[in-house]
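K.L.:
Residue-level listing of the chains:
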Amino acid sequence: MMTAPPAVSIKNLRIALPKGAERPFAVDGVSLDLRPGKIVCVVGESGSGKSMCAHALMGLLPDTVNVTSGEIQFEGRDLLKLDDDRWRDLRGRRLAMIFQEPMTALNPLMRIGDQMAEMFEAHGLLTPRERRAKALSLAREVGLPDPERIVRAYPHQLSGGQRQRAMIAMALALEPAVLVADEPTTALDVTTQAQILKLIRNLQRSRNMAVMFITHDFGVVADIADQVVVLRHGKVVEEGPAATVFNEPKHDYTKALLAAVPSMHPPARAPLDDLARAVEVIGLDKTYVTSGGWFREDRRVDAARAVNFNILKGETLGLVGESGSGKSSVARLVMRLIEADRGTVRIGDTDLTQLSGKALRAERHRIQMIFQDPFASLNPRRKIGHIVADGPIAAGADSKAAFDRARDLLKMVGLDAGALERYPHEFSGGQRQRIGIARALALEPEIIVADEAVSALDVSVQAQVLRLLEDLKARLGLSMLFITHDLRVAAQICDRIAVMQRGVIVELKPTAQLFAAPEHPYTRELLAAVPGQKERAPAA
Amino acid sequence: MLSFVAQRVVKGVIVLLAIVVLNFFLIRLAPGDPAVVMAGEAGASDQVFVQQLREKFGLDKPLPEQLFIYVKGIATLDLGFSFRQQAPVSKLILERLPATLLLTLTAFAISLALGVLFGTFAARFAGTFLDTAITIFALIFYAMPIFWVALMGILLFSVAVDWLPSFGYETVGANLTGLAHLIDVAKHLIMPAMTLGLFFMATYTRMTRASMLEVKRLDFVKTARAKGLPDAVIQRRHVLRNALLPVVTLAGVHAGTLIGGAVITETVFAWPGIGRLMYDALLQRDYNLLLGVFVTCSVMVLIFNLITDLVYRLVDPRIEFAA
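Those protein sequence lines, which keep their order, are chains A and B.
So the first sequence is residues 508 to 1047, counted in my numbering.
So the second sequence is residues 31 to 353, counted in my numbering.
Be aware that one or more of the hints could be misleading.
As the list claims (entries may be wrong) - The following label-pair restraints were derived from C-beta to C-beta distances:
id: 1; chain 1: B; residue 1: Leu32; chain 2: A; residue 2: Val1011; range: 32 to 42 Å
id: 2; chain 1: A; residue 1: Asn815; chain 2: B; residue 2: Pro94; range: 36 to 46 Å
id: 3; chain 1: B; residue 1: Val39; chain 2: A; residue 2: Leu589; range: 31 to 41 Å
Stated by the list, open to error - Not the full set, but computed from the structure, chain B residues with beta-carbon under 10 Å of chain A:
id: 4; residue: Ile220
id: 5; residue: Phe250
id: 6; residue: Leu259
For the record, the hints were derived by calculation from the structure and aren't laboratory data.
Since we're looking at a predicted model, the values are computed, not measured.
Think of the CB as a built atom: it goes at the ideal place given N, C-alpha and C, for glycine as much as any other residue.
Kindly produce the complete structure, drawing on both the sequences and the hints.
P.N.:
Here you go:
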């Protein structure tokens, strides 16, 4: 099958976590081979130990963990037995790494070109002038536009995709034999992700590199992997060629993970023709103005331009688009957390944009929000009971009744009553998101605004939370504005979808229609960029 | 950048004007009439003499008129006349300003250099004995009152071992010139500058230490390690440079206030600076001189703030030259 000898051979790697951690080993007996010219995807959910494997291979493990057994064979040596100087010599030159968040992975105070040149400097190669010239040609090679300008720019002056290209250029500068990519496209928009995946693929083929690609996204795996290794709780549960793992998964966990990936094919949904209107948004405009000072022009960003839509009772309207498209601004405008420049938001028959002060506060309970980040959206110093009951108590409910209701709500979202007395840090991400949902429901809203409510969750947890939302929506007759960048999720949960680009809704259609016959070029581009569409059979 | 400076200067002038007006009225709110004090010291406290003094110094005019005359004077760099010292205020201040600037800037340099150095070491060896020792050392000087450190310094270095002079700016009557004079001043400078500098050093030590530990955990440090850079280069180029940003902010705030903070040090060491001048003016109710010192200090604060902003924009490319 595979004839080339492995470039890297990890054997029985075991990495111990500090005492008191939830399990003794972050990585527990992992063995895998990386071969020249092949991409091995290491897949798993958060806490599976996949990132630890990557860091072990680079000799960049944090001080809190240590390798207790195993070996990593590379070019005839066991990497785990190297001293610091030998490691330093290999890093960057023979082994290179790219990271998840290109903004924080670049030094904000150094020019891109200088950071690339450091790669040569670290290994005492070339003269300063040659290094600069090399940085320029690398920038050109990874397809950075206007490379002369980019090498002189600072990281904050680049877009996310450009930053990741710069990271890749840096990693490939010394033509390493092995590239470790730790979730390199997770922080990027879907169209940018598609470009970066293609870039990594092309460079890896032309240089015959061995690639270890860490990801949680099966779509990405489907697009890029030659070999797949599925990790769970630090152990390999399944491995094999990509096609085999996708088409004939053997382990139950792999099957469950694959099944949890939302399909691109929207399920049939009940027609919504004769429903009453829950929300009406007419001609919403919002422009952010950053003052440029006395002698400069103001900077203007259109977050919403003539945004019109309505949401029917019991309907889920999806709002999709890439970062900066204005979808979160629209959510905040509808909630009236920020003021619109123009336009009307009606909830039922009430014009929310005309209200202020007490009258506005009295209406606020009708529309509630679920946030993206399950960690930042719960006050860490308040018990769950308070977090859920605060809203009703503020609205004048009796404290005992509010706590009784909080208990019922937590049960409704699948948490036991003991949760009332605990603090947010005692819960997992998925559980916290359930608490966020209970909090939103506590005020008995008519409309829920979910802003990327499942984006931070692992795919299996995501599926559970989505089911919960669907179930609650049906039981309580809620309407929902569902904001997401993930078209797979949108396909599964939305009745209709509005596509946003630079503050404008470019297309708004029933979900099935949008997926089957996208009209606007941007919609088509978005749909085409969703990873994992080619290898998988359509009948999901 | 020029437009940025121009904008800041215009804003600074407005702030200065507000400070002058506020100080002018605040000083007159304080109990005590300078004319009465002066007359009393002259041994002639009869009403006619006091009234004459008032007229002589313009203190009989209505307050708004006094204010107008004063502000008009400032616009032409005339800070008025000190009737206690019988000399123009601007002359008195300009005589003392170099000594104060020498003291405060030296103290500032000492505190920043030692603070960053110690902070870097403490962070490098975080959790070890060295870290604890540095932290305690810095805390001691932060916790002790400046006048106490000054007195102990005099006892130790002037009285016990007689290495350094205990007071003044130069050896009186020695009439030294050239290098000998320079060394003489430096000897006089060491103790007051160290006393003042060690106090501020503690905050920089702690800030640098905390900031370095914070930056060390960031992703780009991992990127630097993944490049195979030597640890010393990573610490200096990636960790320290980023960690210094909050230190620069703090130093900017301190730089402006150092002159005011030098009052105690200058008094203990009889250093002929603005601080001493202010202290004396305060005791003697020398309104014009006091106001003049305030205006000078305010201008210093504004200038140092401007310098800080410029430096900040130099070290952090993310900040653009906009208001």
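K.L.:
Against each hint, give a clear statement of whether it holds in the structure.
P.N.:
Hint check:
1. A C-beta distance of roughly 39 Å is found between leucine 32 of chain B and valine 1011 of chain A, which places it inside the suggested range of 32 to 42 Å.
2. Between asparagine 815 of chain A and proline 94 of chain B the Cβ separation comes to about 60 Å, which falls outside the hinted range of 36 to 46 Å.
3. A hinted range of 31 to 41 Å for the beta carbons of valine 39 of chain B and leucine 589 of chain A is inconsistent with their spacing of about 58 Å.
4. For the restraint placing isoleucine 220 of chain B at the interface with chain A, the shortest Cβ-Cβ distance is roughly 35 Å, beyond the 10 Å limit, so the hint is violated.
5. At about 4 Å, the closest approach between the beta carbon of phenylalanine 250 of chain B and any beta carbon in chain A falls short of 10 Å, and the interface hint on this residue holds.
6. Residue-level restraint check for leucine 259 of chain B holds (minimum Cβ-Cβ distance to chain A is 4 Å; threshold 10 Å).
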